[in-house]
Amino acid sequence: MTVTSLQKRLSIIEIHYLDAYKQERIQTFENKDAAILAFAGCLTLPDYYPVTSITQDGQALDYKGTIGDLYLYLQTLD
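Per the working numbering: the sequence shown = residues 1094 to 1171.
Please note: incorrect hints may appear among the correct ones.
Okay, the calculated beta carbon distance ranges per label pair [unchecked claim]:
1. Y1114 to D1171: 27 to 37 Å
2. E1117 to D1162: 27 to 37 Å
3. D1171 to K1115: 14 to 24 Å
4. H1109 to L1130: 11 to 21 Å
5. T1137 to L1165: 10 to 20 Å
6. D1162 to D1126: 15 to 25 Å
7. G1161 to T1121: 16 to 26 Å
8. S1146 to D1171: 13 to 23 Å
In case anyone wonders, no lab produced these hints; they're calculated from the structure. For glycine and all other residues, C-beta sits at the position ideal for the given N, C-alpha and C.
Start from the sequences, fold in the hints, and give me the full structure.
As structure tokens, this is what we get:
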């Protein structure tokens, strides 16, 4: 296993969003693949919830949008 592939497997994704009561919630995933898998079918968050921030290993990512559009964005990450 290369260092790059190991880093991809270990990169923590943290998604901050506002729920229906305008309370900030946090969803954490072990890596990008786990986040994509969750958004592909089994995550039960409404599409319209706004994402307030998303980080990968503590680094802020440039995403502005809703939970519903996050799946496509996650696929573009390296």
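| task | Report the numbers of all earlier hints that the structure fails to satisfy, in ascending order. | result | 2 and 3
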